[in-house]
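**Student:** As a plain string of letters, each chain reads:
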Amino acid sequence: MTVNAKPMIATPQAMDFAEPLVLQSGASVREYTLAFETYGTLNADRSNAVLVCHALNASHHVAGVYEGQDKSEGWWDNMIGPGKPVDTDHFFVIGVNNLGSCFGSTGPMHTHPDTGKVYGADFPVVTVEDWVNAQALLLDRLGITQLAAVLGGSLGGMQALSWTLQYPERVRHAVVVASAPNLTAENIAFNEVARRAIVTDPDFHGGHFYQHGVVPQRGLRIARMVGHITYLSDDVMNEKFGRELRDAVVGSATGYKYSTQDVEFQIESYLRYQGDKFSEYFDANTYLLITRALDYFDPARTYGGDLSAAFARTAAKFLLVSFTTDWRFSPARSREMVQALLDNQRDVSYAEIDAPHGHDAFLLDDARYMNVVRSYFARISNELTLRGLAKNVTTPSGGAA
Amino acid sequence: MTNDTLHAMAALIPPGSRVLDLGCGDGALLAHLQQHKACTGYGVELDDTNVHACVQRGVNVLQLNLDLGLSVFADQSFDVVLQIDTLQHLRNAETMLRETARVGRTGIVAFPNFAHWPNRWSILQGRMPVTKRLPYQWYDTPNIRVGTFKDFEVLAEKNGLQVVDAFGLQDGQRVDVWPNLMAGTAVFKFQKH
Chain A
1 MTVNAKPMIA TPQAMDFAEP LVLQSGASVR EYTLAFETYG TLNADRSNAV
51 LVCHALNASH HVAGVYEGQD KSEGWWDNMI GPGKPVDTDH FFVIGVNNLG
101 SCFGSTGPMH THPDTGKVYG ADFPVVTVED WVNAQALLLD RLGITQLAAV
151 LGGSLGGMQA LSWTLQYPER VRHAVVVASA PNLTAENIAF NEVARRAIVT
201 DPDFHGGHFY QHGVVPQRGL RIARMVGHIT YLSDDVMNEK FGRELRDAVV
251 GSATGYKYST QDVEFQIESY LRYQGDKFSE YFDANTYLLI TRALDYFDPA
301 RTYGGDLSAA FARTAAKFLL VSFTTDWRFS PARSREMVQA LLDNQRDVSY
351 AEIDAPHGHD AFLLDDARYM NVVRSYFARI SNELTLRGLA KNVTTPSGGA
401 A
Chain B
1 MTNDTLHAMA ALIPPGSRVL DLGCGDGALL AHLQQHKACT GYGVELDDTN
51 VHACVQRGVN VLQLNLDLGL SVFADQSFDV VLQIDTLQHL RNAETMLRET
101 ARVGRTGIVA FPNFAHWPNR WSILQGRMPV TKRLPYQWYD TPNIRVGTFK
151 DFEVLAEKNG LQVVDAFGLQ DGQRVDVWPN LMAGTAVFKF QKH
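Here the protein sequences come in this chain order: A and B.
For what it's worth, the working numbering labels the leading residue of the first sequence as 1, then goes sequentially.
For what it's worth, the working numbering labels the leading residue of the second sequence as 1, then goes sequentially.
Quick caveat, the hints were computed from the structure, so don't treat them as lab data.
Note that beta-carbon positions come from the ideal geometry of N, C-alpha and C, so glycine has one too.
Simulated restraints, written as ranges between beta carbons of each label pair:
{"#": "1", "chain 1": "B", "residue 1": "PRO14", "chain 2": "A", "residue 2": "ILE9", "range": "51 to 57 angstroms"}
{"#": "2", "chain 1": "B", "residue 1": "ARG145", "chain 2": "A", "residue 2": "GLU244", "range": "45 to 51 angstroms"}
{"#": "3", "chain 1": "B", "residue 1": "GLN162", "chain 2": "A", "residue 2": "ASP295", "range": "49 to 55 angstroms"}
{"#": "4", "chain 1": "A", "residue 1": "LEU142", "chain 2": "B", "residue 2": "ARG105", "range": "43 to 49 angstroms"}
{"#": "5", "chain 1": "A", "residue 1": "ALA185", "chain 2": "B", "residue 2": "LYS37", "range": "44 to 50 angstroms"}
The task is simple: from the sequences and hints, build the whole structure.
**Tutor:** Take a look at the structure:
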């Protein structure tokens with residue numbers, strides 16, 4: 001494994017779109033911006049592009065660090081970079097911040113061109129399909145007609161999957177990690193708890209809190225706490241925190257404070273910390289929009305729930321990965337996708353990694369997981385080499401560029 | 001799988017077949033079938049290292065536990081379903097045999113033949129056999145069952161399977177005379193009646 005002493009430097013970019021984007025709901029967004037980053041070099045025949053789709057709270061900053069900010073690693077920096085499983089020495093990797101997010105692309109905190117006011121709650125509902133359409137427009141502008149691969153975990157995996165359905169001819173491989181073909185009722189329920197926490201915060205002001213100069217931080221904190229519980233497994237939480245007290249009272253037999261409102265257990269302290277951190281940078285309206293996009297995603301819906309029928313359009317080759325202790329996007333959900341791909345005789349490989357970390361595992365270093373992804377991308381890279389050779393054979397040397 | 005065994009198995013599979021290899025190991029047979037016989041299909045494997053090896057080889061592999069059944073595969077969706085040295089690791093070998101016949105038009109099963117004469121000889125001496133084919137001690141073997149060539153004939157009959165070819169395999173060579181005595185490996189090719 002190559003370890004680079006010097007981290008890769010990432011440079012955020014932005015692309016403006018004047019043409020309105022018509023959304024699945026019928027509404028549209030015009031004069032919008034997509035924030036994105038790229039790593040590696042696009043090859044001469046523009047065949048080595050890999051699109052990385054982000055999940056709920058991530059962004060276009062997938063890999064590398066920003067100049068002069070050593071600790072600003074991208075959210076999938078362990079997966080993507082020079083010598084890493086998705087090797088930027090071979091691939092041109094693109095990260096895009098989705099519409100409605102809060103990290104640079106047009107979202108609820110930006111100005112509505114029609115009203116001149118901040119969108120707030122008026123930002124239209126966006127779906128996974130809408131995001132994919134926007135990403136496709138960005139690729140058009142970058143001159144990329146076909147992706148070597150689209151890659152994503154969780155909600156990002158849903159986008160990768162949707163790419164193979166919306167633009168089958170534009171995707172050669174799809175890598176779908178810890179994802180699902182739709183959310184279960186339990187999963188929607190967790191999202192709803194998070195949304196209610198935000199919406200019922202007195203500082204939410206119906207989504208127009210910006211003009212009141214406040215942020216519904218209490219709601220965001222609770223939303224994040226609920227989310228965090230579902231990203232971990234029972235085992236890992238017990239192993240990490242158990243019943244440990246944060247500051248046991250000295251001289252007491254139990255160590256308890258006998259208080260209902262103070263932080264008593266370590267797990268409480270951890271969740272509060274995660275909630276606080278999140279509420280300082282994440283936008284409340286974005287949280288509502290993105291959880292809704294998760295709820296709505298269901299490509300089988302227009303096929304009477306028949307996922308195999310929905311997948312008939314796919315043309316890509318697939319790698320699916322799930323983690324045994326992930327109860328939010330369980331292996332059973334990945335197996336549903338495997339089955340639907342088998343029904344259509346598609347090329348698919350599936351790794352079910354026996355990792356203890358729950359849903360979070362998709363962002364962590366597990367050698368088995370990393371190796372499978374690394375080898376899969378090495379295969380894609382070999383295919384690129386073969387394509388290049390085939391091209392050189394058919395194209396006379398010295399021909400027109 | 002030795003190279004001889006691999007070629008002996010490959011010889012049983014018609015070119016262009018859609019193949020499901022249950023317990024495909026490192027994917028060597030599937031890779032061979034793809035490259036030399038224009039076959040397509042998938043391997044099923046539980047072991048992480050083998051799954052990785054398959055991905056490296058460019059073989060479609062599905063990490064599934066065969067003891068949980070073959071429910072992801074549709075009826076008659078493969079030309080050939082292979083169980084090469086898989087049967088002896090399964091909790092319910094009979095269920096898997098029926099599932100093999102459901103999913104594939106033809107099934108091919110290969111497993112160590114416990115009635116091979118060196119094994120009989122060892123048992124006569126009062127000891128469990130330790131051979132090249134069954135290299136484990138009785139207390140550390142990963143095989144949860146042993147069976148014989150003849151045993152399988154009975155099981156196939158019981159499940160209404162029509163055996164279209166059956167032979168022994170010894171040192172990579174086909175054994176048609178007294179396979180139950182003379183071969184370390186039993187091979188059956190069968191179809192549903």
